[in-house]
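Single-letter residue listing:
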Amino acid sequence: MATFLNTLLQNIISGPATDPFPFGETFSPKRVRGLIRIDRDLCLGCGMCRHVCAAGAINIQRNSLGWTITIWQDSCCLCRSCVTYCPMHAMSIDPNWHSAHVEEDKYKRIEQHTISYQPCARCGTPMRVMSLERAKELYAADPDIDPEEIRHLCRSCRQIRDAEQSTVCMLRSDISTAPAAEKS
Amino acid sequence: MAIEQKAGSTFNIPLGPVHVALEEPVYFDLQVEGEIIRGTTLHSGHVHRGMENLAQHRNLIMNQTLTERVCSLCSNSHAFTYAMVVENALGIKVPERAHYLRTLTEEIKRVASHLFTLAIQAHLCGFESLFMHTMEIREIMQDVKESLYGNRMNLAFNCIGGTKFDLDQECFDFLEQSLEKFMPQFREVLDIFETDPLICARIQGTGILPKEEAIRLGVVGPVARGSGLNIDVRKETPYAAYGKVDFDIVTRDGCDLYARTCVRLHEVLESVKIIKQVIRDIPEGETRVHMTHIFPSQAVARSEAPRGEVIYYIRTNSTEIPERLKWRVPSYMNWEALGVMLRNAKVADAALITNTIDPCVSCTER
Ligand code: SF4
Ligand code: SF4
Numbered sequence: 001m002a003t004f005l006n007t008l009l010q011n012i013i014s015g016p017a018t019d020p021f022p023f024g025e026t027f028s029p030k031r032v033r034g035l036i037r038i039d040r041d042l043c044l045g046c047g048m049c050r051h052v053c054a055a056g057a058i059n060i061q062r063n064s065l066g067w068t069i070t071i072w073q074d075s076c077c078l079c080r081s082c083v084t085y086c087p088m089h090a091m092s093i094d095p096n097w098h099s100a101h102v103e104e105d106k107y108k109r110i111e112q113h114t115i116s117y118q119p120c121a122r123c124g125t126p127m128r129v130m131s132l133e134r135a136k137e138l139y140a141a142d143p144d145i146d147p148e149e150i151r152h153l154c155r156s157c158r159q160i161r162d163a164e165q166s167t168v169c170m171l172r173s174d175i176s177t178a179p180a181a182e183k184s
Numbered sequence: 001m002a003i004e005q006k007a008g009s010t011f012n013i014p015l016g017p018v019h020v021a022l023e024e025p026v027y028f029d030l031q032v033e034g035e036i037i038r039g040t041t042l043h044s045g046h047v048h049r050g051m052e053n054l055a056q057h058r059n060l061i062m063n064q065t066l067t068e069r070v071c072s073l074c075s076n077s078h079a080f081t082y083a084m085v086v087e088n089a090l091g092i093k094v095p096e097r098a099h100y101l102r103t104l105t106e107e108i109k110r111v112a113s114h115l116f117t118l119a120i121q122a123h124l125c126g127f128e129s130l131f132m133h134t135m136e137i138r139e140i141m142q143d144v145k146e147s148l149y150g151n152r153m154n155l156a157f158n159c160i161g162g163t164k165f166d167l168d169q170e171c172f173d174f175l176e177q178s179l180e181k182f183m184p185q186f187r188e189v190l191d192i193f194e195t196d197p198l199i200c201a202r203i204q205g206t207g208i209l210p211k212e213e214a215i216r217l218g219v220v221g222p223v224a225r226g227s228g229l230n231i232d233v234r235k236e237t238p239y240a241a242y243g244k245v246d247f248d249i250v251t252r253d254g255c256d257l258y259a260r261t262c263v264r265l266h267e268v269l270e271s272v273k274i275i276k277q278v279i280r281d282i283p284e285g286e287t288r289v290h291m292t293h294i295f296p297s298q299a300v301a302r303s304e305a306p307r308g309e310v311i312y313y314i315r316t317n318s319t320e321i322p323e324r325l326k327w328r329v330p331s332y333m334n335w336e337a338l339g340v341m342l343r344n345a346k347v348a349d350a351a352l353i354t355n356t357i358d359p360c361v362s363c364t365e366r
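First to last, the protein sequences are chains A and B.
Under our numbering, read the first sequence as residues 1 to 184, first letter to last.
Under our numbering, read the second sequence as residues 1 to 366, first letter to last.
Be aware that one or more of the hints could be misleading.
Some chain A residues judged to face chain B by a derived CB distance under 8 Å, without partners named [to be verified]:
1) F4
2) L9
3) I13
4) R50
5) V52
6) A54
7) W72
8) T84
9) C86
10) M88
11) N96
Covered, in the sense of this in silico footprint (three residues per stretch, anywhere, with C-beta under 8 Å from a C-beta of chain B), are these stretches of chain A [claimed, not checked]:
12) 100-113
13) 118-124
In case anyone wonders, no lab produced these hints; they're calculated from the structure.
Because the structure is a prediction, the values reported are computed rather than measured.
Ideal placement from N, C-alpha and C gives every residue a C-beta, glycine not left out.
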């Protein structure tokens, strides 16, 4: 018993263990998962994030001009699957954990981007331009390919371009940048 | 509380279903004679969520998130064992660094889980200041989880083929600092739980589960180890990095609440020992390999969750939706032991005894 009285006494001397939040600062580690963000410059619209999201928090709506990707922050359970499986590293976690909001704002807490197709530099087919960084990464083994040029080409033109000049001659058909048909 | 009179001096007292020990629904039908419980009927099923069926309608990656929600205190054990069962079925070889990271995560969760149970035990003994103090110490581990993984409960760290991300040196430094802060405070609490006369008077000799009964009922985890059974999946079939770290199985022969409390207290020390070894020995390298193809297969995986042995079974077909996913949780095995422990106990001890198996109703009923 003596030992616990001792502990109690120390607790009284050391003051409250809780942070004075919201009137003062509180413990906010920098890796804390607050919100999921999408980098609109990187997203290819492949739909992988939606495919792995167990919470059904992601939606992708496509039309002939492009697509709209939406994350409902209130549905998201911060499982980080979308960040892990996005092939373009377009998803990231924002450590802003201040998610308290009034009831009527519950459908407004969204992250939404509308991304348009651009014409292929060769044939004019509407397509998504890949980010320069990712193009450099993908074609790193192939010095004859200019990443800046290739990222503006659609899938078929990329294959042709690849075959035409590349000494390594690798077919890069694994990533599609042409508008994919909407799955049901 | 409705009391129904039966023949003679025996009464039936309903206990529950709301908040018997923890905030989870269980319902006991106690047959009492005066103050003494003579028999118990357990009713469960209040939080059945049909999770095994849900799992058969989701793809393998979504199920990673789903299985983490089977239980809250051992959430990581479920996600971890699920990842292992898929890897076993599909023959995925996990990188060495991921094995160590998974071991680390599991032990951090175990420390937090045991401290939670111990805190609740203090609360049920009516020792509120010790409850608060234990929860305050547990908060150090919660801060560790938040700083390393970003979440406080469902860490979402495991994925099929390894871990979702890597931990850097800064994380390990923070963990080491936290352990330095944690250890002296924990030793103090350990001493209080083991020697405080008020706690000892309440828990010594209460909730007896003799060794023979423990074997007959097949109990697992700290409940089995508190009845002198030397069982631990981490030693029997080492998985992840458990084969490469040095730790002991904690057992006690007391068979009562006090023995189980001591097992949990000393397991925290063993977990800290494992965490320190992982920080020291963790190899560099990749943390995830990709799942490249899915084919018809089946597999089993088991692991030692804070409450005992968890078993997962999976049967896959050629699609990414599993044909069958089945799990057996530790509380399911320990549940029946309550019938033995409650027999001849005082009515006032019913909640305390229920807490001693560290019941996880939501994972039992999933
Ligand atoms: S997985 Fe990445 S690239 Fe694909 S749609 Fe989602 S955010 Fe865009
Ligand atoms: S973190 Fe998880 S729940 Fe949230 S959007 Fe990504 S996959 Fe969905």
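To see whether the hints hold, each was checked on the structure:
Of the supplied interface hints, the one on F4/A holds, with its beta-carbon coming within about 5 Å of a beta-carbon of chain B, less than 8 Å. Because the smallest distance between the Cβ of L9/A and any Cβ of chain B comes to about 11 Å, over 8 Å, the interface hint for this residue is violated. Annotation: I13/A was flagged as interfacial toward chain B, and the flag is violated, the nearest CB pair being 14 Å apart, outside 8 Å. At about 11 Å, the closest approach between the beta carbon of R50/A and any beta carbon in chain B exceeds 8 Å, and the interface hint on this residue is violated.
The interface hint given for V52/A is met, as the beta carbon of that residue sits about 4 Å from the closest beta carbon of chain B, less than 8 Å. Interface restraint check for A54/A: the shortest CB-CB distance to chain B comes to about 4 Å, inside 8 Å, so the restraint holds. Taking 8 Å as the C-beta contact cut-off toward chain B, the hint placing W72/A at the interface is violated, the least distance being around 15 Å. A hinted interface residue such as T84/A counts as satisfied when its beta carbon comes closer than 8 Å to some beta carbon of chain B; here the least separation is about 5 Å, so the hint holds.
Below 8 Å, beta-carbon pairs count as interface contacts, and C86/A has none with chain B, the closest being about 12 Å; its hint is therefore violated. The beta carbon of M88/A comes no nearer than 16 Å to any beta carbon in chain B, farther than 8 Å, and the hint placing it at the interface is violated. Against a cut-off of 8 Å between C-beta atoms, the interface hint on N96/A is violated, since the closest Cβ of chain B lies about 12 Å away. For the stretch 100-113 of chain A, the stated coverage by chain B is not satisfied: 0 residues place a CB nearer than 8 Å to a CB of that chain, which falls below the threshold of 3.
Counting residues of the stretch 118-124 of chain A whose beta-carbon sits less than 8 Å from any beta-carbon of chain B gives 0, not enough to reach three: the coverage restraint is violated.
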